[in-house]
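With the sequences and hints as input, model every part of the structure.
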Amino acid sequence: MFEKSIKELAEGLRQGEFSSQELTKAYLDRIDQYNGNLNAYITVAHEQALADARAADEKIAAGPANIWTGIPFAHKDIFCTEGLLTSCGSKMLSNFVPPYDATVATNFKQAGAVCLGKANMDEFAMGGSNENSFYGPAINPWSTDTSLVPGGSSGGSAVAVAARLAPAATGTDTGGSIRQPAAFCGLTGLKPTYGRVSRYGMVAFASSLDQGGPMARSAEDAAAMLQVMAGYDAKDSTSVKQAVPNYSMHLNQDLKGLRIGLPVEYFNKHLNAAMQKVLEDAIKLFEARGAVCKEISLPHTELAVPAYYVIAPAEASANLSRFDGVRYGYRCDDPQDLMDMYMRSRSEGFGTEVKRRIMVGAYALSAGYYDAYYRKAQQVRRLIKNDFMTAFETVDVILGPTTPSPAFGLGEKGDDPVQMYLEDIYTISANLAGLPALSAPAGTIDGLPVGMQLIGNYFDEARLLAIAHQFQAETNWHTQAPKTELTGL
Amino acid sequence: MSISPEDIQKIAKLSHLQLEKDKTEKLGQDINNILSFVDQLQAADTSNIEPMAHPMDAEQILRADIVSEHDQREKLAKNAPAIEDGLFLVPRVIE
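Line by line, the protein sequences are chains C and G.
Residue numbers for the first sequence follow the numbering used here, beginning at 1 and rising by one.
Residue numbers for the second sequence follow the numbering used here, beginning at 1001 and rising by one.
Source of the hints: derived by calculation from the structure; they are not laboratory data.
Yeah, the Cβ is synthetic: ideal placement off N, Cα and C, and Gly gets one too.
From the derived model, a few chain G residues whose C-beta atoms are all more than 10 Å from chain C:
(1) Ser1002
(2) Glu1025
(3) Asp1065
(4) Ile1066
(5) Gly1086
Which stretches of chain G does chain C cover? Using the computed rule of at least three CB atoms under 8 Å from a CB of chain C, they are:
(6) 1013-1021
(7) 1042-1052
(8) 1069-1077
What follows is the structure, given as structure tokens:
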């Protein structure tokens, strides 16, 4: 039951093989048994999930229903869910029960899906290891002797899906937060084009970069998820009015003649040899299917991480100014006066990395420095986008690694923020340019999963999913489960 | 560009954050490391390059000025740290 695809689960429900209540109960039981090891969930919605499953069973019995009706899944704890704690991994929101649903949450509800709970994450989505969660880190289910990070910031979502504590989960990606944990945990994760998925009700980190997307065990499942998540939303003024294709229908589109770009800036002396081998094997497979590979250049690649670490903190410092202890969220004890309340509520409510980024952002936006930092970074951002536009004149898709290496150990990166930031070197460019990018399992290094990344042109999600799907039809990296003590699989 | 401990205090104040004394030095180092890392940007030739705010250069869309939200006062009040008669309570500001 835990290895079935979304489509197979939907068929099982319709054929009466199992009910949504049985399916949901089975997942809740696994969560009860293994979440203690893995810390994938911050909140488990036992009662609501079973009630939703009961309603789904009635709906299925009554006649034709959406493919998602009765299918359990998990939400990253950044999506507002009415009546269900939405902490964003922070002490600041550890008491926040939203009075409304995010559009993405509404979409899944309308489709009849069953939300199992809210997944762990780095505080306010700032981090690449899940170590910045107020609720403690989620643990990579592939860990054996030592505990490994699942990646971040959507670490809990990745752990939940990889450890079979949910068939699929939502994530968000500002600089790699879907793709990097997907790579570390052996999943397929997609960051859609900026504006493809509504940000309404998704706690804001860096508004011009944030984008929600699917995390699943296969490209086929990711396609089914994106179908629910994507679409124009009048409540998000940056969402884009563009028709949503039927992603599942495009999964088998022919790869013959597909032009794949290989950036010299990714395939250079810095690339781990084992990672290079993994990618070369994938390239061979695509060439055998009639794809044509070509060397390309993205000359401003090195500037992506520095530009990101100006833009993201600047936007974060503005977005997080709303947390003042007045209307919702954490308030310090015994405030002496208004300023004392603001200062102590924020200082006690935010963790170290969040405070660091707020301050870097405030500095970059402060009088006298705006041009040197924020404006400069926004200009470099356009140079990075222009690199991609030039590349897409001669190729359809760009292939490279998702991460420099497989999952690292808990605490291994120490507390040097710049070292941690460099982990995002391959993923950040797609956020700056607003392009869709997918990570799919492409092999293992020392027994740990690693991902290949496919970056597409604007609104080309269907093509990315099709390429990954056909890769998965001929390989079994994506079906490997973490058979460790942590998961009992 | 390196920033001084006084600058760190100033940014903290701008950010409405209070720094713990024993952590100020480390935080200053971290912020300086981050700033010297992002200084690589200064080497890029960006003459005649327009800053980019939205990937599709989309502009803000305005909606019609009509009431679209109903009153949710009670619902919203549930998350307030302190509330009385439907008003948010804060420490006294006027003596």
